[in-house]
Amino acid sequence: MSSAVAEVGAYEGEPGPESLCGSFESLKAYSTVDLSLSEDGTDSTVDLSDRYTSEESFDYEEVDAHSFSGYAHCPSIQDALDAQGVADELLEDWTSRELQALASVSLGAEALIGLPRHVRHTTVCVLASMAQYAGLPQKSLAEASLLLDVFILKSVAPKQSTDSIVLAINTLPATCAALVAILWKADCISKSSAGTSINIASACLFAQQLQQMGYIEVDADVTENMINRQEAKVLQELRWRIHMPNAESWTSTFSSRFNVLTKNLMAPSLTWVWQHGMFASRTIMMRQASTEALPPKQLAAGLLAIGLVGARLLPLESVRPRHMTDEDWIDLYQATRPQELHPKCMFPENGSQRLLKLLMIAVGVDLAEIQEFACLAASAMKDAFETPELARTGIAEPVVTAHHASI
Numbered sequence: 167m168s169s170a171v172a173e174v175g176a177y178e179g180e181p182g183p184e185s186l187c188g189s190f191e192s193l194k195a196y197s198t199v200d201l202s203l204s205e206d207g208t209d210s211t212v213d214l215s216d217r218y219t220s221e222e223s224f225d226y227e228e229v230d231a232h233s234f235s236g237y238a239h240c241p242s243i244q245d246a247l248d249a250q251g252v253a254d255e256l257l258e259d260w261t262s263r264e265l266q267a268l269a270s271v272s273l274g275a276e277a278l279i280g281l282p283r284h285v286r287h288t289t290v291c292v293l294a295s296m297a298q299y300a301g302l303p304q305k306s307l308a309e310a311s312l313l314l315d316v317f318i319l320k321s322v323a324p325k326q327s328t329d330s331i332v333l334a335i336n337t338l339p340a341t342c343a344a345l346v347a348i349l350w351k352a353d354c355i356s357k358s359s360a361g362t363s364i365n366i367a368s369a370c371l372f373a374q375q376l377q378q379m380g381y382i383e384v385d386a387d388v389t390e391n392m393i394n395r396q397e398a399k400v401l402q403e404l405r406w407r408i409h410m411p412n413a414e415s416w417t418s419t420f421s422s423r424f425n426v427l428t429k430n431l432m433a434p435s436l437t438w439v440w441q442h443g444m445f446a447s448r449t450i451m452m453r454q455a456s457t458e459a460l461p462p463k464q465l466a467a468g469l470l471a472i473g474l475v476g477a478r479l480l481p482l483e484s485v486r487p488r489h490m491t492d493e494d495w496i497d498l499y500q501a502t503r504p505q506e507l508h509p510k511c512m513f514p515e516n517g518s519q520r521l522l523k524l525l526m527i528a529v530g531v532d533l534a535e536i537q538e539f540a541c542l543a544a545s546a547m548k549d550a551f552e553t554p555e556l557a558r559t560g561i562a563e564p565v566v567t568a569h570h571a572s573i
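For this note's numbering, count along the sequence shown from 1 and bump the result up by 166.
Please note that the accuracy of each hint is not assured.
As the list claims (entries may be wrong) - Label-pair ranges, simulated between beta-carbon atoms:
id	residue 1	residue 2	range
1	Met490	Lys429	28 to 36 Å
2	Thr261	His489	33 to 41 Å
3	Ala398	His489	40 to 48 Å
4	Glu493	Asn391	57 to 65 Å
5	Cys240	Asn516	17 to 25 Å
6	Asp248	Glu515	27 to 35 Å
7	Thr491	Gly517	20 to 28 Å
8	Asp248	Glu552	40 to 48 Å
9	Ser545	Ala398	32 to 40 Å
10	Asn391	Thr491	52 to 60 Å
Unchecked claim - Derived pair list, reagent style DSBU-like, types lysine-lysine, alpha-carbon separation capped at 35 Å:
id	residue 1	residue 2
11	Lys351	Lys429
12	Lys523	Lys548
13	Lys320	Lys351
14	Lys399	Lys320
15	Lys429	Lys548
16	Lys320	Lys510
17	Lys523	Lys429
18	Lys523	Lys510
19	Lys351	Lys399
20	Lys510	Lys548
Just so you know, these hints were derived from the structure itself, not from any lab.
Don't be surprised by glycine CBs; every beta carbon is placed ideally from N, CA and C.
Construct all of the structure, not just a fragment, from the sequences and the given hints.
Rendered as structure tokens:
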């Protein structure tokens, strides 16, 4: 059985597995999650059934219906969460930041918010290439993509016109270069003076691509002054708030919290869950923007719930949204994992119910919200995995390598 590595970055200051950087080609390396598979290609999620019958078995009675709240606020649990940098206060701070970033300036015309999907796909590929060329860590792609989404939301949505979207597309090459320059300056990973100029050539090539797509008004001669002006505009629209939690940072944080709450006993399976969540969030990022309708926190929470089902730690029906029938929910889940049969939970009902309570603590929401978030995530996954652009680029399937990552 091969081990697994997740070649994805982490949000600055966040917990979770460290990124393992290596050689890669543009987007594929910035969107690769290498899942744990056996030599015959089957899913190698670790069966922990016997572990929970040993003397070191997890004490589920600590989190039964009567002590649920007490367990969540137990000093030792809170100290452990704080030691891993995933305390409740972090969730509150990130939630507040996310709400501020994605708050709609005005109502109406949801379709006008965001780039056309074929343009978005190309844009994210370009951001990946630029971030790689600038020497930024792999986490930077998710950061840059979210900043792009917020910038578009703040600058285009209020106008709610097709012309405003076309104008945003016309300035995309300079915008992408500006976003990478902002992250490059914030990261301070290099002492070189490359700065803004490092991505002028990439921006010009991107402009030519957009012209070939039919956006003939895009200026193919992108200059450093154009990038500098766009950088100032981006910072103004963002109000200089460039550190925002994205789906990947939420995924790592939720996974680490769940790992602490289960006392590291589920780490092998949880690593597999984390890897699936990171891969899915990055694939979704290629197709859909982060908005009020698809916020990173809800997406990450839903992906974690679905991942726990896939790892057979939770029954599929436990995260079924109340408005869906069993049949419809099974169909939606299997659409996200067509190669996987209906997973059967390895635990008895009382054990899975207590794990479900721990999941609520980990993500800081109630069961009804988890179920709605799982539906949101499953729908986004289904939509993303059916994207023709992803099929052509070949990034929808994880790549297997022999490395190891741990929570």
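We went through each hint and held it up to the structure:
At about 33 Å, the CB distance of methionine 490 to lysine 429 agrees with the hint of 28 to 36 Å. Between threonine 261 and histidine 489 the CB atoms are about 24 Å apart, so this pair departs from the stated range of 33 to 41 Å. At roughly 46 Å, the beta-carbon separation of alanine 398 and histidine 489 lies within the given 40 to 48 Å, and the hint holds. Taken as a hint, the range 57 to 65 Å holds for the pair glutamate 493 and asparagine 391, whose Cβ atoms sit roughly 59 Å apart.
For cysteine 240 paired with asparagine 516, a C-beta distance near 20 Å keeps the hint of 17 to 25 Å intact. Between aspartate 248 and glutamate 515 the beta carbons are some 32 Å apart, a value that agrees with the proposed interval 27 to 35 Å. Restraint check, threonine 491 to glycine 517: a C-beta distance of roughly 26 Å satisfies the suggested window 20 to 28 Å. For the pair aspartate 248 and glutamate 552, the beta carbons lie near 41 Å from each other, so the given range of 40 to 48 Å is met.
Range check, serine 545 to alanine 398: about 37 Å between beta-carbon atoms, so the 32 to 40 Å window is met. Hint check: asparagine 391 to threonine 491, Cβ distance near 58 Å, so the stated range 52 to 60 Å holds. Pair hint lysine 351 plus lysine 429 does not hold up; C-alpha atoms about 38 Å apart against a cutoff of 35 Å. Restraint check for lysine 523 and lysine 548: satisfied, since their Cα atoms lie roughly 27 Å apart, inside the 35 Å limit.
For the suggested pair lysine 320 and lysine 351, the alpha carbons sit about 22 Å apart, so the restraint of at most 35 Å is met. About 11 Å separates the Cα atoms of lysine 399 and lysine 320, which keeps this hinted pair within 35 Å; it holds. Taking the CA atoms of lysine 429 and lysine 548, the gap is about 33 Å. The hint holds against a cut of 35 Å. In summary, the hint linking lysine 320 to lysine 510 is not supported, as the alpha carbons are separated by about 44 Å, beyond the 35 Å threshold.
The straight-line distance between the Cα atoms of lysine 523 and lysine 429 is roughly 15 Å, inside the 35 Å bound, and the hint therefore holds. Between lysine 523 and lysine 510, the direct Cα distance comes to roughly 19 Å. Compliance with the 35 Å bound is thereby established for this hinted pair. The straight-line distance between the Cα atoms of lysine 351 and lysine 399 is roughly 16 Å, inside the 35 Å bound, and the hint therefore holds. Annotation: proposed proximity of lysine 510 to lysine 548 holds, straight-line Cα distance about 21 Å (limit 35 Å).
Checked against the numbered hints above, the structure breaks hints 2, 11 and 16 and satisfies the rest.
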